[in-house]
Each structure stands twice: as structure tokens, then as C-alpha cells.
Amino acid sequence: MELDHNNTIDKLKRYLIRHGYPKESLALEFKMGRYRVDLAVIDPSLNIPVQIFEIKTDEKFLDQGIGQARRFRSELNRMGKLDVPIYLVFPKKEEPGFKIINVDKYSKEVQDIDLSSTDLSMLDYNLQKTGRISEKISETSDKREDTADHFKYTCWILGVIVSILFLLDYFGKMPFEISKIPLLVIAIGLFLMPYGSKLKLIGMEFERLKQSK
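Positions -15 to 197 (my numbering) are the ones given, in order, by the sequence shown.
Hints are not guaranteed to be accurate.
Beta-carbon label-pair distances, calculated as ranges [to be verified]:
(1) S122 / E78: 33 to 43 Å
(2) G143 / D108: 49 to 59 Å
(3) M106 / L30: 50 to 60 Å
(4) D47 / M177: 44 to 54 Å
(5) P178 / L30: 35 to 45 Å
(6) R54 / M106: 12 to 22 Å
(7) E59 / D126: 11 to 21 Å
With a straight-line Cα cutoff of 25 Å, these simulated SDA-like cross-link-like pairs (lysine to any residue) come out [what the hints assert, rightly or not]:
(8) K15 / D108
(9) K76 / L46
(10) K(-5) / Y137
(11) K77 / D22
(12) K(-5) / S105
(13) K(-3) / D108
(14) K182 / S118
(15) K40 / F14
(16) K40 / D88
(17) K40 / Y19
(18) K83 / I121
(19) K44 / P28
(20) K44 / L99
(21) K127 / L142
(22) K136 / I121
(23) K77 / L104
(24) K(-3) / K40
(25) K(-5) / Y19
(26) K40 / G4
(27) K44 / R54
(28) K83 / Q48
(29) K7 / I(-7)
(30) K(-5) / N110
(31) K83 / D(-12)
(32) K7 / P75
(33) K40 / P69
(34) K44 / E13
(35) K(-3) / D22
(36) K(-5) / D22
(37) K(-5) / L46
(38) K77 / S118
(39) K83 / Y19
(40) K40 / G81
What the hints contain is simulated information worked out from the structure, not anything from laboratory work. Heads up, the beta-carbon is just placed ideally off N, CA and C, and yes, glycines get one too.
Please model the complete structure; the sequences and the hints are all you need to start from.
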């Protein structure tokens, strides 16, 4: 059974390489959160999964494979917004030596991929990679907007607090020593610093993703 598993992986790898997949994009036992997948197609520069192939030695394990695919999907959702296609692969006597089944992300339905078809966009590396990077860019853009919004609201709240302190001082309700102003400025700077660092990191990731695309 282990031999069948390894043979199927070898045949699948050779097939994908023949169809334009870079060797370095094929990662065996790829760690994805809490799980490891048999074969993941990744973007080597970003180390993000582009497609996932789980190998089964017999079609009697189809339901088991669907269960695994659903767990992988849940883990992907937990990790981010990547809509990674998940396939089950079974050995087959006819060429190329295996069959590939696409597991629908919304249900338990499965679809055989016709490897003899001229339209194999599902197995087009560049097309699939561009799709995952676009999703990652969208996710990073959302993060940047959320962080910028939090930064804006925090600045507004701090501005209101400082204004109230100065008004209280002006009307003699709560005298504020001039010597404490530098401490107030330092405190505000320390409070806002994490936002600046986070925005910078998100911006760097955003540019890296755009260059990879």
C-alpha cells in the first residue's frame, strides 16, 4: 500500500512537471497549520500553497479523503483567505497512472478532472499561482485598511483626551504642569508606535506580493 502511495506521487510529480510546474514548486509533506499534506504546489518565493493533492491508494477511501479535504479547508480559512483547490488522487492502470478528483469547497460533491481535455485550467500552474497571489493581495489590503482605520480612531481619541486635559488646565479645573508635556508626548508616541510598525510590515508584504504577481 505504501508502494502504491509513493508510485502515485512520483507519477503525479512527473505529470505536473511535464505540464509546466517548476520542480521547486512541488513540496512533499507540506506543513499547513496543524496538518501535513501529501503534495502541495506552492509559490516558492512566498511559501504559500497554490494547490493541494492528497493521495489515496484506493477509491474506497473517497469519503475519508473528502473528510480530510474539509479539514484542510477549515485550516486554510483559519490561516487566511486563500481559496486553494484541493484534489484527491487515486492510482489508475491507464495512463498517466492516476486519476484526479476535485473536491468542491462548498459541499461534499466531487468532480473527476478529465486529463485528456484541452482545457486544463485547473492544472495550470501560472493561472493558479496568480489566483492565490491575488487573494493574498486582497487579504493584505484588507489588513492594511483595518490597521489604518484603528490608527485613525486611536489618534482621534488621543486628540480628544489631550484637548480635554488642556481645557481643564486652562479653566483651572486640573492644573497641568508644563514639565509634564514631554512625558505626555512620549506616552502618546509609545502608544502609537505599534500601529506604525504594523503598517510598515503590512506595506512591505503588500509590495512583495505585487512584485511576485
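25 Å Cα cutoff - pair K83, Y19
With Cα atoms ~23 Å apart, K83 and Y19 stay inside 25 Å; holds.
With the threshold set at 25 Å, check whether the alpha-carbon distance from K44 to E13 stays at or below it.
holds, 23 Å
Has the hinted range 44 to 54 Å been met by the Cβ atoms of D47 and M177?
Since D47 and M177 have Cβ atoms about 52 Å apart, the given range 44 to 54 Å holds.
Given the hinted pair K40 and F14, is their Cα-Cα distance within 25 Å?
holds, 16 Å
K40 and D88: Cα distance at most 25 Å?
holds, 17 Å
Are the Cα positions of K(-5) and Y19 separated by 25 Å at most?
holds, 23 Å
L30 and M106 - C-beta distance against the hinted 50 to 60 Å:
violated, 21 Å
Below or equal to 25 Å on CA atoms is what counts here, so check K76 against L46.
holds, 14 Å
Is it true that the CA of K7 sits at most 25 Å from the CA of P75?
holds, 22 Å
Taken at face value, is the distance from the CA of N110 to the CA of K(-5) at most 25 Å?
holds, 21 Å
Confirm or reject the claim that P178 and L30 have a C-beta distance inside 35 to 45 Å.
The hinted range 35 to 45 Å is violated for P178 and L30, with Cβ atoms some 25 Å apart.
Starting from K(-3), check that the Cα of K40 is at most 25 Å away, please.
holds, 15 Å
Checked against the numbered hints listed earlier, the structure breaks hints 3, 5, 10, 18, 19 and 38; every other hint is satisfied.
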